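> Just so you know, this note's numbering puts 22 at position 22 of the sequence shown, and the rest follows in order with no gaps.
Hint data in this document are derived by calculation from the structure and do not stem from the laboratory.
On a predicted model such as this, the values are computed, not experimentally measured, just so you know.
For glycine and all other residues, C-beta sits at the position ideal for the given N, C-alpha and C.
Careful: at least some of the hints might be erroneous.
Now the in silico label distances, taken between C-beta atoms and shown as ranges [claimed, not checked]:
(1) T138 to K112: 31 to 39 Å
(2) C87 to Y172: 17 to 25 Å
(3) S21 to N113: 34 to 42 Å
(4) E148 to V201: 18 to 26 Å
(5) R40 to F147: 33 to 41 Å
(6) F18 to Y142: 27 to 35 Å
(7) L120 to V3: 34 to 42 Å
(8) V3 to Y39: 33 to 41 Å
(9) T141 to C87: 35 to 43 Å
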Amino acid sequence: MGVDGLLLLLYGFVAAVFGVSLPGLLNMTAVKISQQYGYRDAFTYICGALTVIFFQTYIAVFFSRLIDSSPAITEALHEIGLVIFTCLTVYFFFFAKRKEKKKSKEATLKRKNPYLQGLLLASINVFSIPFYVFLSITLATYDYPIFEQLCAILFSIGVVFGSGLMFYVYIYFFKKVTREDAFIIKNINYIIGSITAVISVIAVFKLLR
């Protein structure tokens, strides 16, 4: 494995900690599931999300080999992400709350599979791929062997560990519900909708540059 492999594991961990530290779709949804259904469902959701995050990171390393010759790949990812997050913004602002009210009595009977929910939300969160593509290229310029298969896997594992840590930090932070937290939980759909709206605006600016 060597020193370079351990360093890439550490770099992946640190990058994920910083990348997931801000409120986002995945970590705020983890909070929501934890508050509504408990830690077991939240853990299952996190496992689903981390499964996709691992493969997204590994794919990002692969894309980083091609990105210099084909920058259109990154632009295409931004365009896909813009459409997805715009749809999510509309959903969380206008439909999610109504849907929750209608199904409040049936919540215990009809509950989404949290693992599949984690897989789905992480899959549509494609903005992490360009981030790790850029980071992979940067590490390669400093002669880290990130394009080697084992090193790419170690880097991806580091990202998984860092992401998992931040998911649990968010869940722990909201464990004891105060008045302020109760307001956040009550309006969490609007918070998630606002986050996706901000991401959509950023994507528009990047595409127009």
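> All hints, please: hold or fail.
Okay, the hints, checked on the actual structure:
1. T138 to K112: 31 to 39 Å: 38 Å Cβ-Cβ, so the 31 to 39 Å window holds.
2. C87 to Y172: 17 to 25 Å: violated, 31 Å
3. S21 to N113: 34 to 42 Å: Taking Cβ atoms as reference, S21 and N113 lie about 28 Å apart, which means the hint is violated.
4. E148 to V201: 18 to 26 Å: With a Cβ separation near 38 Å, E148 and V201 fall outside 18 to 26 Å, so the hint is violated.
5. R40 to F147: 33 to 41 Å: holds, 39 Å
6. F18 to Y142: 27 to 35 Å: Distance hint for F18, Y142 is violated at roughly 18 Å.
7. L120 to V3: 34 to 42 Å: holds, 38 Å
8. V3 to Y39: 33 to 41 Å: Once the Cβ atoms are compared, 37 Å apart, the range 33 to 41 Å for Y39 and V3 holds.
9. T141 to C87: 35 to 43 Å: Since T141 and C87 have Cβ atoms about 36 Å apart, the given range 35 to 43 Å holds.
In this structure, the earlier hints numbered 2, 3, 4 and 6 are contradicted, and the remaining ones agree with it.
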